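Protein chains in written order, with our numbering: chain A, 27 to 356; chain B, 123 to 403.
Hints listed in this document are in silico derivations from the structure and should not be mistaken for laboratory results. Because the structure is a prediction, the values reported are computed rather than measured. All residues carry an ideal CB built from backbone N, CA and C; glycine is no exception. Wrong hints could be hidden among the right ones.
[Claimed, not checked] Okay, derived cross-link-like pairs now, SDA-like style, lysine to any residue, Cα gap no bigger than 25 Å in a straight line: (1) LYS335(A) with GLN230(B); (2) LYS335(A) with ARG213(B); (3) LYS269(A) with ILE168(A); (4) LYS336(A) with ILE222(B); (5) LYS354(A) with ASP278(A); (6) LYS126(A) with TRP278(B); (7) LYS126(A) with GLY229(B); (8) LYS221(B) with SER329(A); (9) LYS126(A) with ASN276(B); (10) LYS269(A) with GLY103(A).
[To be verified] Covered by chain A, per the in silico footprint, the following chain B stretches (three or more residues, Cβ under 8 Å): (11) 220-230; (12) 235-244; (13) 268-277.
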Amino acid sequence: MNQAHQLEKFEAADFINRTHRPIPRSYGDALLAAAKKDKRIVALTADLATPTETDIFRDELPERYHNVGIAEANMIGLASGMARAGEIPFVHTFCSFATKRCYDQITMQAAYPNLPIKIVGFLPGVATLLGVSHQAIEDVAIMRAIPNLVVLDPSGPEYHASAVDAALAHDGPVYMRLKRPETPPENDIVAKDFRKGEGILAREGGDLTIIAAGLSVTEALAAADRLAADGIEASVVDMASIKPLDADLVIDRAKATGAIVTAENHSVIGGLGSAVAEVLCDAGIGLPFKRVGLADRFAEGGSTPYLMKKYGLDSTAIIKAARDVFGKKG
Amino acid sequence: MSTGSNSRVRNLEILAAKIRRNTLDICMQRGGYAGQGVALADIAACLYFDELRPDGRGWFHDRFVLSNGHDAIMTYAALAEHGSYTLEELRTYNADGTKIDQSPIEGQLGFEITAGSLGQGPSQAAGIAWAERQRGTDKRIYCLFSDGELQEGNVWEAAMFAAHQKLSNLVYIIDNNDLQASGATTNVMSVEPVPEKFEAFGFFARRVDGNSVTEVLEAFEEAKSVTGKPYVMVCDTRLFAGIGCLREALPMAHYVAQNAADWEAGLAEIDAKIAALAGGA
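Please construct the entire structure, taking both the sequences and the accompanying hints into account.
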């Protein structure tokens, strides 16, 4: 008990939490609540409890919690076995390890058998001090390519409970990439809803559309505010569901605004920008278009604002792209 | 077995104390993996000032592969004493724009591979060892990894190759500190008995006190006498070993936030230790 107490104290000082003060667990609380309602839900982690907000699940439902150690590929296999025996496993680690490290296991043991395995990654994109090894800059690209798999990239903790609901509503495998706050938020987090396959029109404007996901949604909204001050009205779509993608909304905004910018905390190759381009090309729509994302290169460790700025993912980069496509409109 | 003169051991113990001090100096700026850096100071002193055969021109004859990236703090703190880094630049650890990555990338002085995704060092070290032997060099290859990393299957795939190929130029050094990010290794996913597991794979295995310069030196000597097998030294360590006040206050701190430790108390204790060692030399 004494040791557990010490552990809790110092897990609060883990490598995501910069403040050494408690941070709300929007995802962890939602998963625990769901598990209390549905006894089939089990949680697995590969040595990351607090950083994946599953410490509360560990403490309250220890009989349905497995810390498998630093063994991500094994974790997918165990989850597959549990799913084949009727459980609904949520597996947790950082995005980089949840995807790249067990790609074949996910394909063969979760996606092909179409099992209800929910793969929950933290530290999406460049946003970590831990550098290249921990940065998932291509996870959406590779996960999107796997049949049967749903890919979610919610824009903030207010959507994390909804992400749990969306994952459970899909009777099959899901991958979601979540960003835990690094510091305690100033205001209470008010839960908001999204659904698989539906984009959220977060702001309406007629001059162009910014389609964003994950951390980039906040940047896109900030960009839209600054563009509006200069008389350019941008729509902003929060595309938390990257697969399936809301093609109808993409086509609607393309026709309504005539120019599109995509923004994502991910490589420009294979992620949201590629997915939107595929929809537009398939629909035969040609229009001014720009992708804001990591420009096919590796990043480095650093604070999130520093990295978003340095690698051209922040609101300033989105504004530049927006002005560019707006200027090219006929 | 002899590890040579008392002055050799004493000299390495002083260097280890200085490595401990450097670790605190670096981590007190913005937090870091201080407990590991302090605990690994004795192994680091033996490696960088003795075993890796410093070439006198600022580098080493032998090759060292760090597998668990967060133990980079050990290398930084040791190479500061070696003169390859200044403490001033190391104090930018964890700052935006720094070259002193928390988890190191290859190309940065002191690091053969890009570490941080766990369990990938042992294979690369085995590959280097095979190639060095194939090329006919006398280089020895050392790979440091942690007890938690033993949970990755990749480690055992590497071990199977190393033994099958009889890589007697390869030494695995395991930081057996019974701690991983989410708790005590014993509680999370037991890895013991570690030496017996490696013996079953075909290694010569030795359990040593990783905080005893004498025992670490003896194991390194023994490794050179073993033929036809790779060698593994399972080094029992504990976080912050060698700095009692921090060891007592932070026994489970896998990562230490800047404001979570009494750094000044730790520095005072290690300064007294350095003075005592120097006085007794």
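Structure-based check of each hint:
With a C-alpha separation of about 24 Å, the suggested pair LYS335(A) and GLN230(B) falls inside the 25 Å cut-off, and the hint holds. At most 25 Å may separate the alpha-carbon atoms for a hinted pair to count; LYS335(A) and ARG213(B) meet this at roughly 23 Å. Among the hinted pairs, LYS269(A) with ILE168(A) is consistent with the structure: their alpha-carbon atoms are about 12 Å apart, no more than 25 Å. This hinted pair checks out: LYS336(A) and ILE222(B) have alpha carbons roughly 17 Å apart, not beyond 25 Å.
Proximity of LYS354(A) to ASP278(A) is assessed by CA-CA distance (about 19 Å); at most 25 Å being required, the pair is judged to hold. Between LYS126(A) and TRP278(B), the direct Cα distance comes to roughly 20 Å. Compliance with the 25 Å bound is thereby established for this hinted pair. About 23 Å separates the Cα atoms of LYS126(A) and GLY229(B), which keeps this hinted pair within 25 Å; it holds. For the given pair, LYS221(B) sits about 14 Å from SER329(A) by alpha-carbon distance, which is consistent with the 25 Å threshold.
Pair hint LYS126(A) plus ASN276(B) holds up; C-alpha atoms about 14 Å apart against a cutoff of 25 Å. A C-alpha spacing of about 23 Å is found between LYS269(A) and GLY103(A), which places the hinted pair at or below 25 Å, so the restraint holds. By the rule of at least three residues with a Cβ nearer than 8 Å to a Cβ of chain A, the coverage given for the stretch 220-230 of chain B holds, with 4 such residues. Chain A is given as covering the stretch 235-244 of chain B, and this holds because 6 residues of the stretch bring a CB closer than 8 Å to a CB of that chain, at least three being needed.
Counting residues of the stretch 268-277 of chain B whose CB lies closer than 8 Å to any CB of chain A gives 5, which reaches the minimum of 3, so the coverage claim holds.
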